[in-house]
Amino acid sequence: MAELIVISTLNGVLFGMLLFLLSSGLTVIFSMMGVLNFAHASFYMLGAFFGYQLTRWIGFWPALVIAPLLVGVVGMGVERYGLRNTHKHGHVAELLLTFGLAFAIEEIVSMIWGKSPVDYRVPAVLDFPAFTVFSTNYPAYKIFMLVVSVVIFIALLVTLKRTRVGLIVQAALTHPSMVGHLGHNVGRVFMLVFGVGSALAGLAGVIAGPSLVTQSDMAAYLGPILFVVIVFGGLGSLPGAFIASLLIGLIQTFAVALNGSLASVFGPLDPSLGPSPLTDIWNVTIAQIAPILPYLLLVLVLIFRPMGLLGTRES
Amino acid sequence: MRRLIVAATAALTVLGGAASAQESIKIGYIDPLSGGGASVGEGGLKTFQYLADELNAKGGILGHKVEIVPLDNKTNPQESLVQAQKAVDAGVHYITQGNGSSVGAALEDFVTKHNSRNPGKEVLYFNYAAVDPSMTNEKCSYWHFRWDANSDIKMEALTNYMKGQQSIKKVYLINMDYSFGQSVRTAARKMLGEKRPDIQLVGDELHPMLKVTDFSPYIAKIKASGADTVVTGNWGQDFALLLKAAADAGLKVNWYTYYAGGAGGPTAIKQTGLENQVFQISEGVPNSGNKAAMDFEKDFRAKTGISVWYPRAVNEMRMFKAAAEKANSIDPVKVAAALEGVKFDVFDGGEGFMRKDDHQFFQPIYISSFGSLADKAKEPFDEENTGWGWHIVSKIDTAQTMLPTTCNMKRP
Chain A
1 MAELIVISTL NGVLFGMLLF LLSSGLTVIF SMMGVLNFAH ASFYMLGAFF
51 GYQLTRWIGF WPALVIAPLL VGVVGMGVER YGLRNTHKHG HVAELLLTFG
101 LAFAIEEIVS MIWGKSPVDY RVPAVLDFPA FTVFSTNYPA YKIFMLVVSV
151 VIFIALLVTL KRTRVGLIVQ AALTHPSMVG HLGHNVGRVF MLVFGVGSAL
201 AGLAGVIAGP SLVTQSDMAA YLGPILFVVI VFGGLGSLPG AFIASLLIGL
251 IQTFAVALNG SLASVFGPLD PSLGPSPLTD IWNVTIAQIA PILPYLLLVL
301 VLIFRPMGLL GTRES
Chain B
1 MRRLIVAATA ALTVLGGAAS AQESIKIGYI DPLSGGGASV GEGGLKTFQY
51 LADELNAKGG ILGHKVEIVP LDNKTNPQES LVQAQKAVDA GVHYITQGNG
101 SSVGAALEDF VTKHNSRNPG KEVLYFNYAA VDPSMTNEKC SYWHFRWDAN
151 SDIKMEALTN YMKGQQSIKK VYLINMDYSF GQSVRTAARK MLGEKRPDIQ
201 LVGDELHPML KVTDFSPYIA KIKASGADTV VTGNWGQDFA LLLKAAADAG
251 LKVNWYTYYA GGAGGPTAIK QTGLENQVFQ ISEGVPNSGN KAAMDFEKDF
301 RAKTGISVWY PRAVNEMRMF KAAAEKANSI DPVKVAAALE GVKFDVFDGG
351 EGFMRKDDHQ FFQPIYISSF GSLADKAKEP FDEENTGWGW HIVSKIDTAQ
401 TMLPTTCNMK RP
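So the sequence lines, in the order shown, correspond to chains A and B.
Start counting the first sequence at 1; every next residue gets the next number (full-length UniProt numbering).
Start counting the second sequence at 1; every next residue gets the next number (full-length UniProt numbering).
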């Protein structure tokens, strides 16, 4: 049992940190520009495919740096030539733009790399068991993923809280016109933030690609969970996104590990009732409903605390 | 010059006329070509295209060329119905599908309804891998033919073999959460309970189908349960990733599987170092020792770059040709009648037959294990360049695979 708890905690934290790499960019972009970027998970996918392609050409380590930068450039292009032009037509136009972009990116990716998974492997130097807990090996690559995400998390925190750039970004979050009046180029701040946000998503893709599966529908799998994370944490709140990411990561992993069902709590139904939809519900285990738990949380949060865990406003 | 053009035009007209007189037979291949099932779906497509080329090289079926029409169903029953309708509208009278019994059941229902509403425009459904037993039992249809042994038959054979393995003490079941996975789980529980009541069932897991990308939470659970053996019907990505996670965690157990040989499976087994600990049940293996099959395998690998993973697809296409020739027609109604009860020498040797009562094909099946190849002359074929290949550990003759059916078939 202890073994299961340790391994599940590690896996949960890892998945949570990965979610945070993605949701941090998404939530900052949202609070600054008021746009829910539907294409955010697509940047994650682009990161994975760029990472795969560059790994083949020049190796994993250069790819780890270059691929996120490329994704960042793509992101900045989207902001500069897409969102900025649609901004004057209001949020709905911007929302639709990112929505369409998500589909376009998926189609382009499947046109270039095909629809089945690509062979994106863990680099040989990291392909060994890092340590053994009880009798289970924990792969070094997963530890590497964890380290990268923690480092990025700290760097992000320091930048936002302790530097001038962070100060301007924070100011632009709440008072964009005031920042503009003070002589800062708000448009450029937006573009840079969008670029950094996409680059973070790209980085998540590069490191998650070999461990999870790199294929053209990976964005569609992760996208909905991201929205759960940022709504749950409170739209625009970075600490909220952090807590929500870890929580959702842990919930999903631990739910899989649990076997409890209504039947195990209240005892089996009277067999004379025969098979019915009720027996199905009665016997379904927590592990089986693990995939829908985050969405259940989303619904509950929206009902009881619409601003999310640490959110400040209700929209 | 002008005369030459006239002659050429005339020749072209004649040729064109000849081609349209012998209309091609279109087979709608409805399987996943994107998403989690794509790796197996693409392998199947290559197989059917190779088989069509093979038939066409020998003059096709009754002079008609065979053409495979690929249709991506994303392993989704609703999408499959859309694709099936699209195929029918394009003049397809034969559809073939294998991946996912949820899809299979929907298609079976589709052809039954379509054929009762559109007499004279019948469509046949050739099933090469959807093995939910209900498709040839309570839900059986005259218009459906299945070439793969159904899930109960496979589990019967697998548990008969497990019965003799005294080292098995604790079994863990992990399956995909849909009709097929559930039938594997039910059959395994029932049959193991009868044949080896001393075996302890330490886990029974159903996970979302083709959606899990990291199986490590499940592997942690298997490990914690203390299981020495895992039984799974997982296929495609769900098998390869399960084994990959097991390899990462260093889980060393015996695996009794339906589809370990699918794309990515062999590589993952080799990585785990589970020599001769992964068993698979199938109607044939590349190193079967049958000369004709091994020659076919060699040529197939050279042309497609993959192994023959569907000997049943070979049987399907060859029997289709034989039935059409017997009926002297490519009319689906006549072909269906000709397929019923027919006996056929199967790809890996031995006799199989298509049972009239439920349209289930019976054939010899084999349990094989995966490991290094000692004698390269006898066993020349490895899988996915791992250097390891399948060895037969047990053969089950056609007669022993016959399970009764509850099918009450409505005939036209």
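FYI, nobody ran anything at the bench for these hints, they're computed from the structure.
Note that the structure is a prediction, hence the values are computed from the model and not measured.
Keep in mind that the hints are not guaranteed to be accurate.
[Said to hold, decoys possible] With a straight-line Cα cutoff of 30 Å, these simulated DSSO-like cross-link-like pairs (lysine-lysine) come out:
no., chain 1, residue 1, chain 2, residue 2
1, B, K376, B, K139
2, B, K410, A, K142
3, B, K211, A, K142
4, B, K86, B, K139
[To be verified] Computed beta-carbon distance windows for the label pairs:
no., chain 1, residue 1, chain 2, residue 2, range
5, B, P197, A, I281, 52 to 58 Å
6, A, M111, B, A377, 40 to 46 Å
7, B, S116, A, F304, 50 to 56 Å
8, B, P197, A, V65, 58 to 64 Å
9, B, L201, A, T9, 23 to 29 Å
10, B, N160, A, A130, 49 to 55 Å
11, A, S135, B, G350, 51 to 57 Å
12, A, I281, B, G63, 54 to 60 Å
13, B, G350, A, N259, 53 to 59 Å
14, B, P380, A, A130, 48 to 54 Å
[As the list claims (entries may be wrong)] Per the computed footprint, the stretches of chain A lying under chain B, defined by three or more beta-carbons under 8 Å from a beta-carbon of chain B, are:
no., segment
15, 113–123
16, 185–193
17, 286–293
18, 298–307
All C-beta atoms, glycine included, are put in the ideal place defined by N, C-alpha and C.
Consistency of the hints with the structure:
Restraint check for B:K376 and B:K139: the C-alpha separation of about 46 Å exceeds 30 Å, so the hint is violated. With a C-alpha separation of about 56 Å, the suggested pairing of B:K410 with A:K142 is violated against the 30 Å cut-off. Pair hint B:K211 plus A:K142 holds up; C-alpha atoms about 20 Å apart against a cutoff of 30 Å. Distance hint between B:K86 and B:K139 is fulfilled; the C-alpha atoms sit about 24 Å from each other, no more than 30 Å.
Between B:P197 and A:I281, the C-beta spacing of about 30 Å breaks the proposed range 52 to 58 Å. Checked against the given bound of 40 to 46 Å, the beta carbons of A:M111 and B:A377, roughly 45 Å apart, stay inside it. Roughly 52 Å separates the CB atoms of B:S116 and A:F304, a value that falls within the hinted 50 to 56 Å. Range check, B:P197 to A:V65: Cβ separation about 59 Å, and the 58 to 64 Å hint holds.
Distance hint check: the CB atoms of B:L201 and A:T9 are about 27 Å apart, consistent with the given range 23 to 29 Å. A hinted range of 49 to 55 Å for the beta carbons of B:N160 and A:A130 is inconsistent with their spacing of about 42 Å. A C-beta distance of roughly 44 Å is found between A:S135 and B:G350, which places it outside the suggested range of 51 to 57 Å. The given range of 54 to 60 Å is respected by A:I281 and B:G63, whose C-beta atoms sit roughly 57 Å from each other.
The hinted range of 53 to 59 Å is not satisfied by B:G350 and A:N259, whose Cβ atoms lie roughly 43 Å apart. For the pair B:P380 and A:A130, the supplied restraint of 48 to 54 Å is violated, since their beta-carbon distance comes to about 39 Å. Coverage of the segment 113–123 of chain A by chain B holds in this model, with 3 residues showing a Cβ closer than 8 Å to a Cβ of that chain against a need of three. Restraint check on the segment 185–193 of chain A versus chain B: 0 residues with Cβ-Cβ distances below 8 Å, three needed, restraint violated.
Remark: the segment 286–293 of chain A is confirmed as covered by chain B, as 3 of its residues place a Cβ nearer than 8 Å to a Cβ of that chain, reaching the required three. With a threshold of 8 Å between beta carbons, the proposed coverage of the segment 298–307 of chain A by chain B is violated, since 0 of its residues qualify and at least three are required.
Going through the hint list in order, the structure does not satisfy hints 1, 2, 5, 10, 11, 13, 14, 16, 18.
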